[in-house]
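Undergrad: Spelled out, the chains give:
2 protein chains.
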Amino acid sequence: MMKLYEKFADEIEEAVRRGVFAPGERVTSVRQASQQHGVSIKTVLHAYALLESRGILETRPQSGYFVRAKPPARVMARVAKRTIAAASEVDVSGLVLSTLRSIGAHDAVPFGSPYPDPEPFPWRRINQYANAIARRHASWNLIDDLPPGNPELIRQIARRYAENGVPVDPDEIVITVGATEAINLSLQAVAKPGDTVAVESPTYYAMLHAIERLGMRAIEVPTHPADGIDIDALAAIIARRKIAACMVMPNFQNPLGFQMPDERKRRLVELLSEHEIPVIENDVYHELYFGDARPSTLKNFDTKGLVLHCASFSKSLTASYRIGWAMPGRFRAQVEKLKFLNTLTTPSVPQVAIADYLRQDGYDRHLRRVRKLYRQQARIMMSMVERFFPPGTRTSTPQGGYVLWVELPPRVDSMKLYRAALECGITVGPGTMFSTRNAFSHFIRLNYSYPWTADSEAALQRLGTLATELDAHAKENDK
Amino acid sequence: MMKLYEKFADEIEEAVRRGVFAPGERVTSVRQASQQHGVSIKTVLHAYALLESRGILETRPQSGYFVRAKPPARVMARVAKRTIAAASEVDVSGLVLSTLRSIGAHDAVPFGSPYPDPEPFPWRRINQYANAIARRHASWNLIDDLPPGNPELIRQIARRYAENGVPVDPDEIVITVGATEAINLSLQAVAKPGDTVAVESPTYYAMLHAIERLGMRAIEVPTHPADGIDIDALAAIIARRKIAACMVMPNFQNPLGFQMPDERKRRLVELLSEHEIPVIENDVYHELYFGDARPSTLKNFDTKGLVLHCASFSKSLTASYRIGWAMPGRFRAQVEKLKFLNTLTTPSVPQVAIADYLRQDGYDRHLRRVRKLYRQQARIMMSMVERFFPPGTRTSTPQGGYVLWVELPPRVDSMKLYRAALECGITVGPGTMFSTRNAFSHFIRLNYSYPWTADSEAALQRLGTLATELDAHAKENDK
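As they're listed, the protein sequences go chains V and F.
Position one of the first sequence corresponds to residue 1255 (the working numbering), numbered consecutively onward.
Position one of the second sequence corresponds to residue 1255 (the working numbering), numbered consecutively onward.
Pulled out of the complex, with its shape left as it was, chain V reads as follows:
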């Protein structure tokens, strides 16, 4: 059943499509809209946020909501629709690793990095806690650190979820070496070699890696740049064939940046529950929302323990400590055992140091600062792409996280752009990494977590020029 704010949002979208509100024009203010339509302020805010996520509206500081100049959602949705694929074996990791190596080795402009700029993170502070812990102990006994992990860290993680309205039993949490391990173990707990796993398309390549590594097959489901995985398309796939598990990233998906609306999260969990299909929820960007509050998770709608929720501190606090966790629902015992088999324990001092840090007040302050930074830098990057890139270029409208998904004119080969940019000391994430079948060969992913400087502006301009040249060259060849 459609919620009130969704209905209201659809009405406004229809008005925009019909030209009632022109591109660049300010739409009815929140207060006015609430009075005119007899709905609450909250409903209007929800609706406008949804429209922002769909790329229909944009906000301007202190000015309200405006119709975007080029609504990208429809364009990208069409592209996404084309990506239904037969299940295919996966070999993406070679490309990803060599891309990462280029970034590391060349000290290049890190638009292509999958990691956040570590600079704004409280690295020194956490290290101080680590040092204090180390100094308090004459030695450290591994036997005290068996899975599931440090009890105090587990308690702190559970507390944060509870504060944000996500129902969590601390006994469900298993600490892992980053979310990467959590995802791997979760997948292994619910599927076996040869099984088919449904993923978003485009999808974060770590999802494809996990599937590849365990000898499973990925089936890619069209994914809307604002609404998330196409639930009807997924239902159609489930009706046709046996799906062992589903892997999604409902909040600030990498690369698309959307936040799945609550109603869609609920429908997704209901569909999968009906068929008893476990779903692995990658929620590593959960703290990096641009809205007013932490979004819900699939866990909020899970009644059968089928959601295996995976997350980490790598995107919001420190990546180098490699602390992640799984909340695997009814698969908790299997995941804990697999953790023991895979890496025995997760290093303890980092766990305790993060627990100590979380007990203090600084985390929320740090996060508020980072969220504001990323929100600002997302807008700058989007406007700069509009300015520098060839006509026909479209971008996603990230609702959180720190990556922008850019659709180039169809003739531009993103691998060629990647190589040309690298020669200029600039990296990008080629779209081919996000699928098993070259589905996004004219897309790139850009990282906007780094501060915007004259250098980065020049680099983005250069990138736009390269894309324009590649487009022109391809056009020439077409003749």
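I should point out that these hints are in silico values taken from the structure, not numbers from a laboratory.
Where hints are given, some of them may not hold.
One copy or any two copies: either way a pair holds, since identical chains are not told apart in the list.
[To be verified] With a straight-line Cα cutoff of 27 Å, these simulated DSSO-like cross-link-like pairs (lysine-lysine) come out:
1. K1296 to K1626
2. K1496 to K1446
3. K1670 to K1591
4. K1670 to K1729
5. K1591 to K1446
6. K1257 to K1296
7. K1733 to K1670
8. K1591 to K1558
9. K1558 to K1446
10. K1558 to K1496
11. K1257 to K1558
12. K1296 to K1261
Please arrange chain F on chain V, whose structure you already have, making use of the hints.
TA: The following block gives chain F in isolation, referenced to the frame of chain V:
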């Protein structure tokens, strides 16, 4: 071809068997033997060490070599011969994890622990390096830490191997989260679900875990408590069926403690090379030798790149840092890629801290101290088991490491002993953990890394009494 020292050792063993040297009697001194037999001092030392490893001789500080009162090797060899098994699916990890939990939760006497007493390890020193590194950096970028790992740590590891006569190319080393991850990745690089993997029997249970987790099947090969895996038995198995890989622990095997003689290491590698079978060498105890020098590894005899050598700092420096590595021979690229997929990177500060520690002079001094400690404590534990345990009890003769393998009278059920001991606050490692088929149900493994105190002596005495009672009770029931 038999080496000179082996021939010489066989002569002495024959003399002992014939009663030329009586139990408890001192054998010819090394210098005298060298003169009498016209062989070098080194050859005599090699031969005596071999006889010690076979349980024929024992050394007493400042006194020389003596014939052991009860040569255990023959008895244990017979037991080992019975353990040829059909390949079987593995489920050992549940037992292991619950055993470890009991140790951790009960603060019990840690005879059952698989980990070394962390007290003599330079924990504070390494933490100081870690803190210094953390303070030198304002932030830490994950992208600089991609596999294979920190270059300076890799260089230090390669240097130590080179100094000990093990041929190593630094480019071959991949840093992992402990040896556990190295073993898992190595196994996955060479075998696939459903494949059969040959292991020692008894074997270190992490080997069984890795096999279990990847859906492979273990075939257990009889393993001599002094000489290692029975190469003829392995050859017979290879002749009968397809073996995808072999997993062994040629130095100070857990639980048996033997050091495979060089000649047998060579023969093992030759046999496997002939059939193109990769071999995973678990060498985590390599630094904890009781002899004069670091033993050779299978790598020393590998001409085809079929040895995947796995090790870590967990047994010799710090377990809680979780730093291990693989040298995967011709499978290097696969292992590196799997590392990236499994846990992305290994935390960096711990890597750099250990590299900094290794560059200083302290490691060898620390190791000399620990080796001496373990050698002494092994002897104490062996003599105490002789003193307190029921007649018919036999022990291994560890040549390194920190665990003793104890064969109880056949009627004693080690799981019953484990449970009875736990009620007294004492832990042991039940023999059933070391096989998939209850093959060692009257064996236990004891950890002697902890300092010998009046309390531990009382605990071992209590354990002996419990074993005696269980034996008597079982005898009663047999009637």
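Undergrad: Does each hint fit the structure? Answer for all of them.
TA: Hints versus structure:
{"no.": "1", "hint": "K1296 to K1626", "verdict": "within (21 Å within a copy, 72 Å between copies)"}
{"no.": "2", "hint": "K1496 to K1446", "verdict": "both (13 Å within a copy, 23 Å between copies)"}
{"no.": "3", "hint": "K1670 to K1591", "verdict": "between (44 Å within a copy, 24 Å between copies)"}
{"no.": "4", "hint": "K1670 to K1729", "verdict": "within (15 Å within a copy, 79 Å between copies)"}
{"no.": "5", "hint": "K1591 to K1446", "verdict": "both (16 Å within a copy, 20 Å between copies)"}
{"no.": "6", "hint": "K1257 to K1296", "verdict": "within (13 Å within a copy, 86 Å between copies)"}
{"no.": "7", "hint": "K1733 to K1670", "verdict": "within (20 Å within a copy, 84 Å between copies)"}
{"no.": "8", "hint": "K1591 to K1558", "verdict": "within (21 Å within a copy, 35 Å between copies)"}
{"no.": "9", "hint": "K1558 to K1446", "verdict": "within (21 Å within a copy, 33 Å between copies)"}
{"no.": "10", "hint": "K1558 to K1496", "verdict": "within (19 Å within a copy, 43 Å between copies)"}
{"no.": "11", "hint": "K1257 to K1558", "verdict": "within (24 Å within a copy, 66 Å between copies)"}
{"no.": "12", "hint": "K1296 to K1261", "verdict": "within (14 Å within a copy, 89 Å between copies)"}
Hint compliance for this structure: no hint is broken.
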